[in-house]
Amino acid sequence: IGLVQTIDGRALNGDVQFTNGAFIVQATNSVPLTNLLVLSFDHGPAREPSARGQGNGLLGYYFSNTNLAGDVFVRLDETINFDWGTAEPAPDVPGDYFSVTWCGEVEAPATGDYQFAIATDDGGRLSLGDKVIIDSRQRQEAAGDDSPPIGLQTGVRYPIQFRYSNAGGNARARLLWSGPSTPRGIIPKDRLYPKSAVAG
Numbered sequence: 030i031g032l033v034q035t036i037d038g039r040a041l042n043g044d045v046q047f048t049n050g051a052f053i054v055q056a057t058n059s060v061p062l063t064n065l066l067v068l069s070f071d072h073g074p075a076r077e078p079s080a081r082g083q084g085n086g087l088l089g090y091y092f093s094n095t096n097l098a099g100d101v102f103v104r105l106d107e108t109i110n111f112d113w114g115t116a117e118p119a120p121d122v123p124g125d126y127f128s129v130t131w132c133g134e135v136e137a138p139a140t141g142d143y144q145f146a147i148a149t150d151d152g153g154r155l156s157l158g159d160k161v162i163i164d165s166r167q168r169q170e171a172a173g174d175d176s177p178p179i180g181l182q183t184g185v186r187y188p189i190q191f192r193y194s195n196a197g198g199n200a201r202a203r204l205l206w207s208g209p210s211t212p213r214g215i216i217p218k219d220r221l222y223p224k225s226a227v228a229g
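Quick note on the numbering used here: the sequence shown kicks off at 30 and runs consecutively.
Each hint should be verified, as a subset may be incorrect.
[To be verified] Restraint ranges, calculated between C-beta atoms of paired labels, are given here:
| hint | residue 1 | residue 2 | range |
| --- | --- | --- | --- |
| 1 | 125 | 83 | 32 to 38 Å |
| 2 | 114 | 166 | 29 to 35 Å |
| 3 | 166 | 85 | 29 to 35 Å |
| 4 | 94 | 180 | 33 to 39 Å |
| 5 | 104 | 199 | 18 to 24 Å |
| 6 | 96 | 213 | 29 to 35 Å |
I should point out that these hints are in silico values taken from the structure, not numbers from a laboratory. Virtual Cβ for every residue (Gly too), placed ideally from N, Cα, C.
Construct the entire structure; sequences and hints are all you get.
Shown next, in the form of structure tokens:
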């Protein structure tokens with residue numbers, strides 16, 4: 030939307046196009062450049078640059094032990110929202126005494142302070158960038174353990190890594206967050222971007 034003021038005293042407001050040495054306002058009013066006094070634009074309220082994420086999940090590295098070592102099964106997990114019970118979490122990975130590392134990047138839908146949370150049975154460790162923000166070596170109930178508030182900027186992808194281990198019995202792992210206009214819930218896949226944990 031533009032506002033055109035002319036030398037001869039007219040004020041025109043509307044969609045503005047430039048063509049053949051003149052400004053066309055609202056497709057009907059033509060103002061020659063020689064009669065232009067002021068042209069200004071109203072860009073409207075500022076918008077966040079990333080209204081919708083483009084992610085598709087995190088890479089999950091599944092190990093048949095609790096020390097994240099040895100043979101590994103790798104797959105793309107769209108969200109971290111698992112309640113396996115006593116079932117196998119992945120092909121050829123037993124339902125007891127296994128571990129998983131999920132890694133990739135996370136992108137906030139709006140700039141502001143976010144709190145991350147993990148809900149696990151048994152322990153888990155969550156890192157953002159090179160900082161551990163949650164480290165729990167025991168079972169968390171459905172509410173999970175929260176990180177301190179962390180400032181994130183929209184349009185920026187932050188490295189994230191979630192390490193989980195099951196010491197027997199039921200297995201559960203969930204990755205949640207809350208933030209500006211984002212009620213507490215599972216981080217959706219469009220905000221998660223897979224990235225290998227193996228240096229290339």
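Quick check: does the Cβ-Cβ distance between residue 125 and residue 83 fall within 32 to 38 Å? Because 37 Å falls inside the window, the suggested range holds.
Could you see if the CB distance from residue 114 to residue 166 stays within 29 to 35 Å? Hint violated: Cβ distance 21 Å, outside 29 to 35 Å.
With 18 to 24 Å as the target window, see if residue 104 and residue 199 comply at their CB atoms. 21 Å, holds
Range hint compliance [Cβ, residue 94 to residue 180, 33 to 39 Å]: The hint (33 to 39 Å, Cβ to Cβ) holds, given that residue 94 and residue 180 are roughly 37 Å apart.
For the range 29 to 35 Å, tell me whether the beta carbons of residue 96 and residue 213 fit it or not. Because 32 Å falls inside the window, the suggested range holds.
I want to verify a distance hint. Is the separation of the beta carbons of residue 166 and residue 85 within 29 to 35 Å? The hint (29 to 35 Å, Cβ to Cβ) holds, given that residue 166 and residue 85 are roughly 31 Å apart.
Hint 2 from the list above is the single one not met by this structure.
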